[in-house]
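Visitor: Heads up: the sequence lines are chains A and B, in that order. The first sequence maps to residues 1 to 300 in the working numbering. The second sequence maps to residues 1 to 300 in the working numbering.
Just so you know, the hints here were simulated from the structure itself, not pulled from any lab data. Hints should not be assumed to be uniformly reliable.
The list makes no distinction among identical chains, and a pair is therefore deemed to hold if it is satisfied within one copy or across any two copies.
[To be verified] Listed below are the simulated SDA-like cross-link pairs for lysine to any residue, each with C-alpha atoms no more than 20 angstroms apart in a straight line:
| id | residue 1 | residue 2 |
| --- | --- | --- |
| 1 | Lys298 | Gln159 |
| 2 | Lys3 | Phe214 |
| 3 | Lys218 | Ala161 |
| 4 | Lys180 | Ile191 |
Number of protein chains: 2
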Amino acid sequence: MVKVFSPGSIGNVGPGFDVLGLAVAELGDTVSMEWGENETRVNITGRDADLIPTDPSENTVTLAAQAYLAREGFRRALDVHIERALPSSGGLGASAASSVAGAMAAAALLGKEDDHQGVVEAALTAETHVAGRHLDNIAPSVYGGLTLVQSVDPIRIHQVAVGCQPTLLLVTPNIKIKTKDSRSVLPEKLIQSDWVRQMANTCTLVNGFSRGDFDMIKHGLEDGYGERYRSPLIPGFDEAKDVCMELGALGFSISGAGPTCFAFFERRDDAEKAKEPLHHVFGDCTVFIGSIAAEGAKVL
Amino acid sequence: MVKVFSPGSIGNVGPGFDVLGLAVAELGDTVSMEWGENETRVNITGRDADLIPTDPSENTVTLAAQAYLAREGFRRALDVHIERALPSSGGLGASAASSVAGAMAAAALLGKEDDHQGVVEAALTAETHVAGRHLDNIAPSVYGGLTLVQSVDPIRIHQVAVGCQPTLLLVTPNIKIKTKDSRSVLPEKLIQSDWVRQMANTCTLVNGFSRGDFDMIKHGLEDGYGERYRSPLIPGFDEAKDVCMELGALGFSISGAGPTCFAFFERRDDAEKAKEPLHHVFGDCTVFIGSIAAEGAKVL
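The shape of chain A in the complex, shown without the other chains:
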């Protein structure tokens, strides 16, 4: 039997729509896997376990695992246990983390857990089935840290050096945003000044992390696209942002398509102070305080 931990992630980090992803330390899926007898069986515990299909043809862990095995010429039944920590449809890359864990567990069963490229490709197959053909959550789950997805076809992923360790705050309000809505509010086209500014901000964010410069990260987190158009879908967003910024956050924005929001703080103490007022703003919500994951998915 093998056991794999795969971290959740912030997709669309700030202005980096479809491009930047960031792995979250100590918050993710843990998948145990062994060869099965006749048919593949899936057992799920943990957060939102009841929302996840156990049918192997619908479950991202087994879809990714079977995709990996197929690449290697195998077709075998699997016994799978999934222990979840990420909210379903929360914007923290839960399906990507599951896909990566499944693919890496299958790779590990074959003694190939270091085949990162193969894991990315198999996870993408599963992710495409449930959430669309994107890598901005898969990449950080596999590689850890801050990742830059240059393109999906062909797959080009680059790691950005992370030269500082801000504290990460995640708050997940207990609401659901329909994927259809989160896509439909985004304008189809942008005028030059808008996309140039978005590009400049994303480069500033990459450069800021790379140089370990908190001030540059702060300026780079300005997002005139995802946050601008999606924040109205999250009641309380503006107020929550004000709370965090007044406590010294470098920025506050939406993770993926939401509703999870994230903030970076230079000092952990300041992040802790935001907990209570955020509960006040959002009512029913989960607040997690952690850090950027230095490494990606791994065999435990």
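Dock chain B against the given chain A, drawing on the hints supplied.
Guide: This is chain B only, laid out in the frame that chain A set:
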């Protein structure tokens, strides 16, 4: 008397439209300046000297110098000599280099040549007069290396670490491109997939330079905007690009609004080999082989 050298620059480096600028070593304007008697006098020698106005109210060196002096509460006549090496309207930031040299020379006359912020602001005043309110050439001329202009209002410039030293080839065909044409060919709006790709490429370029990774720089140089729409204005562009890429260039693209084109090579020998075929492609042209300037404008 003070003497200042200010390097020319590549604006819009690859996909980094209006955002990335790169200083060119050993190719720029040299300005000598001293306090004058009754009225400001300008003398110009060097490349395209006859195309540059000597009227102090039209000359970027004196415009920038007077703007700097005015900031400091001075209004004095100047005697100025300009020795030019950059082509006028060539796409190598000649007017920005002149503006920067003028502003820094004026600063030096007041013993304030280290006031980079003031030099940038005064140079921007002059540049706005002749070429528009942009910083992507001014920033590298002042700071050297690779610069990221996050915004003009407010002025936010970040330096990108340059972790490798590619050889730089510049080729300036002897044609003029009207500013009106170079702007009008660019589409007003981009669809999401296009600007996201442009953003991903620019981030890859920043990350590639930062990490000193030639392969990443190569992938990051893909430009689906400036090059795509402006290259038809440069007869021979595609053929010249083929020549350089076959000789191992990391990329070949347009500097600023052109007609100068630039290429990066890992090996200087390969760049040298491109000289003769480029002359064959463009006919009347100038080829310069050099490197990225480690530092910006300076008092000699």
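Visitor: All hints, please: hold or fail.
Guide: Do the hints match the structure? See the list:
no., hint, result
1, Lys298 / Gln159, "within (17 angstroms within a copy, 35 angstroms between copies)"
2, Lys3 / Phe214, "neither (36 angstroms within a copy, 37 angstroms between copies)"
3, Lys218 / Ala161, "both (17 angstroms within a copy, 19 angstroms between copies)"
4, Lys180 / Ile191, "between (24 angstroms within a copy, 19 angstroms between copies)"
Hint 2 from the list above is the single one not met by this structure.
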